[in-house]
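Required output: the full structure, derived from the provided sequences and hints.
Each chain, letter by letter, is given below.
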Amino acid sequence: AQSVTQLDSHVSVSEGTPVLLRCNYSSSYSPSLFWYVQHPNKGLQLLLKYTSAATLVKGINGFEAEFKKSETSFHLTKPSAHMSDAAEYFCVVNNDMRFGAGTRLTVKP
Amino acid sequence: EPEVTQTPSHQVTQMGQEVILRCVPISNHLYFYWYRQILGQKVEFLVSFYNNEISEKSEIFDDQFSVERPDGSNFTLKIRSTKLEDSAMYFCASRVRRQSNSPLHFGNGTRLTVT
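Chains as they are written, first to last, in our numbering: chain R, 1 to 109; chain C, 1 to 115.
No wet-lab data here; the hints were simulated from the structure. C-beta atoms are modelled at their ideal positions from N, C-alpha and C, and glycine is treated no differently. Where hints are given, some of them may not hold.
Pairwise CB distance ranges (calculated) [claimed, not checked]:
hint, chain 1, residue 1, chain 2, residue 2, range
1, R, Thr77, C, Ser66, 35 to 45 Å
2, C, Lys83, R, Arg104, 25 to 35 Å
3, C, Asn52, R, Lys68, 32 to 42 Å
4, C, Asn52, R, Asp8, 33 to 43 Å
5, C, Val24, R, Lys42, 13 to 23 Å
6, R, Thr55, C, Glu18, 45 to 55 Å
This is the structure:
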C-alpha cells in the first residue's frame, strides 16, 4: 500500500523568502510522486513529478522537489516566494493517485 | 495544449434530485477519474475507469453514484438522489496510461450545490 503525509496543513511565508512544503510517503516499492497546485477557485495543475530519473526535479513557476529515499520524503521548495504562489499544494503518490491532505501556502507582503 | 473540460461549472439542485456531471477527457487518454473536494477539505478519490469498466472505487462511491462513457468522448458521473452532503467540487481527470509516471490532467471542476 502507498500513502502520503503532508506534514503541515498551513505554511505562511513572507514574499521573497524561501518556501518549504513537506511530504513524506510510504511505498513498498520505488514510487512515482507528484505535486499539484490548486489556486483559489481553480482546478488542479501539475507542478512537477518524480519518476526515478533525477532525484532533484524542477517544475513550473520556480518550484523544485528532491526525492530522498533514505528519508522517504519529497519536499517541495522554492527559493523566493511570490504573492501568486498563494494556493493549496497536494502531494500524490503512485498509481492509486490518492492525494495528501494538502498544505495551504499563504504569502505575506 | 489539450485540456480536460467539465460542464457545467456550477450546478444547483434540490435534495433527492438526480444530477449528471459531464467531462470530456483528453482524446488520446485511456484512464478516467472522478474526485470530490468538499469545501475546505482534501481532494478525495471517487472512482477510476478504463476500457468501459470501473477499475477502482472508494468507499465514498456507493450505490448512489455511477459513471458512464456513453460515447467516444464524454465521461459522466451520475448521482441518483442527491443529499446535502454531496455538495462539493467534483473534478474529472484523465491520464494516458496507468503506469506510475503518467500524471493526471484535471478539468476545472463542477461545483455542485445541493439545497
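Verification of the hints:
no., hint, result
1, R:Thr77 / C:Ser66: 35 to 45 Å, "holds, 42 Å"
2, C:Lys83 / R:Arg104: 25 to 35 Å, "holds, 27 Å"
3, C:Asn52 / R:Lys68: 32 to 42 Å, "holds, 40 Å"
4, C:Asn52 / R:Asp8: 33 to 43 Å, "holds, 41 Å"
5, C:Val24 / R:Lys42: 13 to 23 Å, "holds, 18 Å"
6, R:Thr55 / C:Glu18: 45 to 55 Å, "holds, 48 Å"
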